[in-house]
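Take the sequences, apply the hints, and build the full model.
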Amino acid sequence: MSLTQIVFIILAGLALLGAVGMVALRNLVHTVLSMVLAFLAVAGVFVLLDAGFLAMVQILIYVGALAILILFAIMLTRDMMDRKAHVNAAQWPLALVVAAALFALLGVLLVGASWPTVTAAISGDQVVALGEALVGPYALPFEAASVLLLAALIGAIVIAREARA
Amino acid sequence: MIPLTWYLVLAAALFCIGLYGVLARRNAIGLLMGIELMLNAANINLLAFERYVAPNSLVGQAFVVFNITVAAAEAAVGLALIIAIYRSRDTVAVEDIDLLRG
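Protein sequence lines correspond, in order, to chains A and B.
Under the working numbering, the final residue of the first sequence carries the number 165; numbering is consecutive throughout.
Under the working numbering, the final residue of the second sequence carries the number 267; numbering is consecutive throughout.
The hints are simulated quantities; they were obtained by calculation from the structure and are not laboratory data.
Some clues are possibly wrong.
According to the in silico footprint, chain B covers these stretches of chain A (three or more CB under 8 Å from chain B) [what the hints assert, rightly or not]:
no.: 1; region: 29-41
no.: 2; region: 54-60
no.: 3; region: 101-107
Derived contacts from chain A toward chain B, CB cut-off under 10 Å, selection only [said to hold, decoys possible]:
no.: 4; residue: Phe-72
no.: 5; residue: Ala-73
no.: 6; residue: Trp-92
no.: 7; residue: Val-111
Fair warning: this is a prediction, and the values are worked out from it, not measured in the lab.
Note that beta-carbon positions come from the ideal geometry of N, C-alpha and C, so glycine has one too.
Following this line, the structure appears as structure tokens:
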């Protein structure tokens with residue numbers, strides 16, 4: 001087993017640990033910390049996939065911005081979740097069965113499938129190439145994404161703003 | 166070299182854990198976090214297929230950029246909705262938000 005495989009297994013273990021903690025822990029602040037662990041491990045997986053720029057974006061947006069945003073939302077809505085209340089809905093055993101069944105199905109399909117993989121070295125600077133691709137062949141979706149972000153920004157402000165009497 | 170299947174199985178596992186979170190959590194914020202985890206699993210798949218099936222094509226990386234953009238927009242609007250609902254109904258438990266139930 002090579003070193004990169006060991007690194008992958010460690011990162012995958014951390015990601016799964018964080019993900020399980022995220023859905024299983026009772027305290028909402030602890031679930032956010034667990035989510036941060038999962039997202040950091042996923043950023044490590046991105047590095048293994050030779051996508052260093054996206055790993056940094058992952059850390060900046062998910063670990064930096066999103067975790068803080070969710071923490072603020074938890075603090076703003078905090079007092080409704082007292083410590084005795086159930087964190088899971090009544091249908092959680094059914095949800096567990098559905099999720100486990102989907103994973104079993106996907107696992108069987110993925111392990112059985114054979115993909116036409118090619119092994120080629122990464123050539124050139126990926127960040128430069130990605131930047132040129134975003135203003136070249138992907139210019140239109142890039143602009144659409146920026147409009148979407150603007151709309152979401154304005155929408156979030158309008159929705160969350162306190163209604164003036 | 167790490168086999169492609171390892172990445173796909175990891176992504177499938179993260180997706181299913183996120184799905185469980187979405188289906189089982191009572192708190193609407195926990196539900197949003199499950200959705201983010203599922204989007205992250207999709208990103209792993211996109212990058213893994215680019216690296217192993219079409220290296221240097223940048224298709225996967227470009228899609229991941231758009232996916233992260235959509236995830237950020239979804240989180241911002243979703244959390245704003247949750248805060249607005251909390252303000253008007255004093256709850257973020259999903260089974261209590263049943264205004265549209267017939």
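Hints, verified against the model:
1. Look at the region 29-41 of chain A against chain B: 5 of its residues bring a Cβ nearer than 8 Å to a Cβ of that chain, three or more, so the hint holds.
2. Only residues whose C-beta sits within less than 8 Å of a C-beta in chain B count toward coverage, and the region 54-60 of chain A has 3 of them, enough to reach three; the restraint holds.
3. Three residues within the 8 Å Cβ limit are the bar, and the region 101-107 of chain A against chain B gives 4, so the coverage statement holds.
4. For A/Phe-72, the interface hint holds, the least distance from its beta-carbon to any beta-carbon of chain B being 8 Å, beneath 10 Å.
5. Interface restraint check: A/Ala-73 against chain B, minimum CB-CB distance 4 Å, threshold 10 Å, status holds.
6. For A/Trp-92, the suggested interface contact is upheld, since its CB lies about 4 Å from the closest CB of chain B, less than 10 Å.
7. Proximity of A/Val-111 to chain B holds as hinted, the smallest CB-CB distance being about 6 Å (cut-off 10 Å).
Going through the hint list in order, the structure satisfies each hint without exception.
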